[in-house]
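Number of protein chains: 4
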Amino acid sequence: MIKVGIIGATGYAGAELVRLLLGHKEAEIVWYGSRSYVDQSYASIYQNMFQLVDATCMDDNMEELAAKADVIFTATPQGLCASFINERILSSTKVIDLSADFRLKDVAVYEEWYKIKHQAPQYLEEAVYGLCEINREKIKTARLIANPGCYPTCSILSIYPLAKEGLIDLSTVIIDAKSGTSGAGRGAKTDNLYCEVNENIKAYGVAGHRHTPEIEEQLGYASGEHVTLNFTPHLVPMNRGILVTAYASLKKNVTYEEVKAVYDKYYEKERFVRVLPENVCPQTRWVEGSNYVDVNFKIDPRTNRIIMMGAMDNLVKGAAGQAVQNMNLLFGLDEAEGLYQAPIFP
Amino acid sequence: MIKVGIIGATGYAGAELVRLLLGHKEAEIVWYGSRSYVDQSYASIYQNMFQLVDATCMDDNMEELAAKADVIFTATPQGLCASFINERILSSTKVIDLSADFRLKDVAVYEEWYKIKHQAPQYLEEAVYGLCEINREKIKTARLIANPGCYPTCSILSIYPLAKEGLIDLSTVIIDAKSGTSGAGRGAKTDNLYCEVNENIKAYGVAGHRHTPEIEEQLGYASGEHVTLNFTPHLVPMNRGILVTAYASLKKNVTYEEVKAVYDKYYEKERFVRVLPENVCPQTRWVEGSNYVDVNFKIDPRTNRIIMMGAMDNLVKGAAGQAVQNMNLLFGLDEAEGLYQAPIFP
Amino acid sequence: MIKVGIIGATGYAGAELVRLLLGHKEAEIVWYGSRSYVDQSYASIYQNMFQLVDATCMDDNMEELAAKADVIFTATPQGLCASFINERILSSTKVIDLSADFRLKDVAVYEEWYKIKHQAPQYLEEAVYGLCEINREKIKTARLIANPGCYPTCSILSIYPLAKEGLIDLSTVIIDAKSGTSGAGRGAKTDNLYCEVNENIKAYGVAGHRHTPEIEEQLGYASGEHVTLNFTPHLVPMNRGILVTAYASLKKNVTYEEVKAVYDKYYEKERFVRVLPENVCPQTRWVEGSNYVDVNFKIDPRTNRIIMMGAMDNLVKGAAGQAVQNMNLLFGLDEAEGLYQAPIFP
Amino acid sequence: MIKVGIIGATGYAGAELVRLLLGHKEAEIVWYGSRSYVDQSYASIYQNMFQLVDATCMDDNMEELAAKADVIFTATPQGLCASFINERILSSTKVIDLSADFRLKDVAVYEEWYKIKHQAPQYLEEAVYGLCEINREKIKTARLIANPGCYPTCSILSIYPLAKEGLIDLSTVIIDAKSGTSGAGRGAKTDNLYCEVNENIKAYGVAGHRHTPEIEEQLGYASGEHVTLNFTPHLVPMNRGILVTAYASLKKNVTYEEVKAVYDKYYEKERFVRVLPENVCPQTRWVEGSNYVDVNFKIDPRTNRIIMMGAMDNLVKGAAGQAVQNMNLLFGLDEAEGLYQAPIFP
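Residue numbers (my numbering), protein chains in the order written: chain F, 9 to 354; chain D, 9 to 354; chain A, 9 to 354; chain W, 9 to 354.
The following block holds chain F by itself, in its conformation from the complex:
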């Protein structure tokens, strides 16, 4: 059994890791780290785990944990993983960081968008961007995985085949994204109160959201071009789910079948990316609770644009599920172990 430690186990992403790992045949959680709830019963915080988890919350002593665990998930605010990580830790355990600390290769870009000084830039080059469908082979041998952001996962997977194959003009890409509220975390802020979110939709971080450079960097690798794009996230009154609606101009005339073939080229063998039938739009309800990303597209001959769409569960494929998928790759397991759940509806 793989021994797993979680730092940040009482945030929503951490709790989703717990849920998924409880159903994983080859892993057991040995450390439920939660600075806010040290010494409290985990099941008293997440009562769904009553009689399922019999552990008490631990602190975030990553060095001590490294000695006990085969892999550590850090589901913590930006900056924390980078401030803890060191060679001793990395030489004794694998680290899968669900924060943004190791996603951007350029430390200057990180510091500009995140407004914090990076504490461990020496590991940026080594870290592997853990988008499994794209970096599968590199992930298998990594020590440090930068688990992708929720919006980037959905955005990149929706656009990747067309960027890679050069079908779209990357200077025209606009991503309009919509997320459920669990993406905002479990912090007690007025803006996230039920009555403030319910019966409302708003854009936020317009022209300035920190997931923008992450998407640009990855689409840059795919296309071999420097990419600058617009990314606008919106907050939707629902618990889970991200929907991406992305727009780009086509570089040449293409048919539905040609574009479909391009998506199939990259995703046909992928277990967790489903290219939907023609004219069927992705919807977040059809992936809830699962690790699937549903993608599709629509060509608009009137404007010569293509609309690319993707839907996924922000806590699963957008966070904990992808982290488990990365763990499976790191340890040579079936990539889908612990992730076999069908989406739950309604």
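FYI, nobody ran anything at the bench for these hints, they're computed from the structure.
There's no promise every hint is true.
A pair holds if it fits inside one copy or across any two, identical chains being indistinguishable in the list.
The calculated lysine-lysine pairs, modelled on DSS-like cross-linking and capped at a C-alpha distance of 30 Å, are [what the hints assert, rightly or not]:
{"#": "1", "residue 1": "Lys11", "residue 2": "Lys33"}
{"#": "2", "residue 1": "Lys146", "residue 2": "Lys172"}
{"#": "3", "residue 1": "Lys123", "residue 2": "Lys113"}
{"#": "4", "residue 1": "Lys273", "residue 2": "Lys146"}
{"#": "5", "residue 1": "Lys273", "residue 2": "Lys148"}
{"#": "6", "residue 1": "Lys273", "residue 2": "Lys123"}
{"#": "7", "residue 1": "Lys268", "residue 2": "Lys123"}
{"#": "8", "residue 1": "Lys197", "residue 2": "Lys306"}
{"#": "9", "residue 1": "Lys123", "residue 2": "Lys306"}
{"#": "10", "residue 1": "Lys306", "residue 2": "Lys125"}
{"#": "11", "residue 1": "Lys11", "residue 2": "Lys259"}
{"#": "12", "residue 1": "Lys172", "residue 2": "Lys11"}
{"#": "13", "residue 1": "Lys306", "residue 2": "Lys113"}
{"#": "14", "residue 1": "Lys197", "residue 2": "Lys123"}
{"#": "15", "residue 1": "Lys306", "residue 2": "Lys146"}
{"#": "16", "residue 1": "Lys148", "residue 2": "Lys172"}
{"#": "17", "residue 1": "Lys11", "residue 2": "Lys273"}
{"#": "18", "residue 1": "Lys273", "residue 2": "Lys125"}
{"#": "19", "residue 1": "Lys172", "residue 2": "Lys33"}
Since the structure of chain F is already known, use the hints to place chains D, A and W on it.
Quick look at chains D, A and W alone, frame taken from chain F:
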């Protein structure tokens, strides 16, 4: 592998059976019956099942199905199972009926509350009421299981230990229940439209809901008394979940510890009934997607009443999950097979 | 124009006062008190008021405010109004307190249930309980109004006619209440986050909620008896609305018509209490945004109980609307001024 | 008093007309037309109107109605108004059509996008597009008003000043819109059931929604160019509200102040369009229940694009409120009569 047929596979309870059985190691679905969608791809109706279910909807020919299946689930409107069932079917397959047709032993009570003529009263005596925690042994050898109603499951399990042990005055029982909207089914009715349900709560079926005699009959068996009670359901703007708040006068002075011991006596070894710690109220969010029923109670010394509370997922323990649990008992399997999912939150 | 000061103008009840008073022909707000947001533009907190309210938040200096205002609304946490109030204030202005400080006549009961020491018990006798339909005449000449709690308003109005006329056994009263989340206030607490409330229902304060003695006291006045009852509130995933489902045993056989006549006796001429047609259940959606309370009842001959139901908007009739209604009475205005809005649906 | 007839009074837009007109000082409703509910009490369908509306539903005999009413609102499916309208009606009453029948000047475009034959193309030229802020003077003297669609109202008002002033490249316009579910109407369709909409977001009508040509036509008038754009609507789990996020490339370098001045030029004196302060994003909750449209913009120097945003209540400014605003203009009343309500929150 147990071969499973589902009649009514495109209703919410039927779809939940599909979700659960996809994760069941010993069962495979051989018949997705849906009168409304015959010959349509199942995954075109429930798009969450895209690439997971590759079947086409069949009609509701129960005789033909009986020849192919080891067990048939009927997740259909009242009256349909009773109109189809016969000796040939029952001699070749097991039947688990999720409708109300075989829940009430007294045909006159059925016909009074359901306003339809019973088409197969000769099987009422044979049918076993499939509340696993109470009728486990009888279930194991049955041919025909009457899968309990959603409200009765939660109500009975919340009250049963105290009724059985004679701690409460059964003439004082009042059950105030609240359900998510999936309980109303997938029929296209104005009353169930999003804008009619959202931002609203209402009582319905006041002093006349059809689950009343079912609860009364079962609490009658538990207590050995004739029980008449008030049951009031309410519609809550959420997808899943039932919460029961039940009131009764105590027959004698009891302490928290004494009542706790009574609950533990019946449920301590039960996998799917969780008696919560003192002062922790059941909440539907902590059981969503799982087969658990969370119960607890509070003694009010000011009024000498006890408030009994229960929460469960109406589609799982209240319908499909309990049906699978019954199937597991019928076939001698691990009672929890296919039901290991931890509750999903948020 | 009546000059109005609000202390606590940035809570949900305070904001609702602002909304209602903006449409009031005889009143103008001269003081938007909000300790948390002093010197900030009110419309920057409640952006719905952009271009409608051009004021800046003030502190809670009630003495200074008393010199400027004809009436002060205190929409503040328990204890604050009692700690500020004094003879100078009361001799120069009217005070309508939306907190619980002056609702209970017995200071010992207050201190037991609210766990704080009462700072101004000398005004308890003078204060008038501002349930307009019942205490209309007393309100007109009061200096200090104790605006009723949200649950008590809906509970008392649902039960009052039958308590007053002696039709029900008050020792059997059980009130099961359900509230939207705005009743929990705008404080940034984890329990009130969107993801914690959404897709969930729970009971809270079981056998111990502080509105219990308030309901008991008022039903005691109505019936001339000492009343002890069960009151259980539940949190519902919606913004506004309270639904009360109350149960009691009938003291004698009565017909629908007889009970209807009793409700009509008390409410037929009331503008804001609507006795619904037979078999029509109150629903919160039908009163949202308005000052109406919809009530109805159902006799259950099987159990000899009556189920009494009421629905209202907790922020209007349950808080700000009733406060405005009280103000109108205090100043000899049309009781409905500022409260003419029809309920908004959907 | 202006005598008002409503055809389609039991749809959501029709019911909102009733709500608004009940508070209108110069109008009274004389005809509640509803083919589905003829002879039923209006308040039995919309119970919020109990004791407020004492009328019975009438049929849709527009000729008979024209003899009784000074103005007729048709809040009906596409095609119905065009099939009824004639010279007798228009010579005796004003008609404000909330359907799309007279919004597009080119009958071929109408028939292509709406897939129905237009029954009264002879009135297309005469009909005035009732976007009050833009066509105010023409509206005042019209006989037939084409009340704008919900999405077009919000989209056009968000973009109009920049299109009119030539600041944006109209060939780059992309509109990503999000709507609450009341926009889908009150028809009993599976897709609009609570459990299908709740906890979900989806795009629909991608590259083919019928509001596209309406937006294109109006932005064409504003800019003097032929406009072809992308418009993608999304369904959001909330009752009311539309949010528009629109993207376009800037034709030249502009500062925040310059663009702000352009918006102010067109909207500073408008009662119902609020240009928000810098960096404040429109949110649907801040306009709910009111006739306001909140707009704002953000310049992205990285991509040289501008993001234009608008929020409004789809049933008020997007339907019934704008229709009342048009009526006020037609009859020379205060343009805001009946529309003074502040937005309701939460």
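Now the hints, each set against the structure:
{"no.": "1", "hint": "Lys11 to Lys33", "in the structure": "both (12 Å within a copy, 26 Å between copies)"}
{"no.": "2", "hint": "Lys146 to Lys172", "in the structure": "within (18 Å within a copy, 52 Å between copies)"}
{"no.": "3", "hint": "Lys123 to Lys113", "in the structure": "within (16 Å within a copy, 52 Å between copies)"}
{"no.": "4", "hint": "Lys273 to Lys146", "in the structure": "within (20 Å within a copy, 54 Å between copies)"}
{"no.": "5", "hint": "Lys273 to Lys148", "in the structure": "within (22 Å within a copy, 50 Å between copies)"}
{"no.": "6", "hint": "Lys273 to Lys123", "in the structure": "neither (39 Å within a copy, 37 Å between copies)"}
{"no.": "7", "hint": "Lys268 to Lys123", "in the structure": "between (40 Å within a copy, 28 Å between copies)"}
{"no.": "8", "hint": "Lys197 to Lys306", "in the structure": "between (38 Å within a copy, 25 Å between copies)"}
{"no.": "9", "hint": "Lys123 to Lys306", "in the structure": "between (38 Å within a copy, 21 Å between copies)"}
{"no.": "10", "hint": "Lys306 to Lys125", "in the structure": "between (42 Å within a copy, 27 Å between copies)"}
{"no.": "11", "hint": "Lys11 to Lys259", "in the structure": "neither (49 Å within a copy, 52 Å between copies)"}
{"no.": "12", "hint": "Lys172 to Lys11", "in the structure": "neither (37 Å within a copy, 45 Å between copies)"}
{"no.": "13", "hint": "Lys306 to Lys113", "in the structure": "between (33 Å within a copy, 28 Å between copies)"}
{"no.": "14", "hint": "Lys197 to Lys123", "in the structure": "both (20 Å within a copy, 27 Å between copies)"}
{"no.": "15", "hint": "Lys306 to Lys146", "in the structure": "neither (32 Å within a copy, 39 Å between copies)"}
{"no.": "16", "hint": "Lys148 to Lys172", "in the structure": "within (22 Å within a copy, 56 Å between copies)"}
{"no.": "17", "hint": "Lys11 to Lys273", "in the structure": "neither (36 Å within a copy, 36 Å between copies)"}
{"no.": "18", "hint": "Lys273 to Lys125", "in the structure": "neither (40 Å within a copy, 43 Å between copies)"}
{"no.": "19", "hint": "Lys172 to Lys33", "in the structure": "neither (36 Å within a copy, 40 Å between copies)"}
Hint compliance for this structure: hints 6, 11, 12, 15, 17, 18, 19 are broken, all remaining hints hold.
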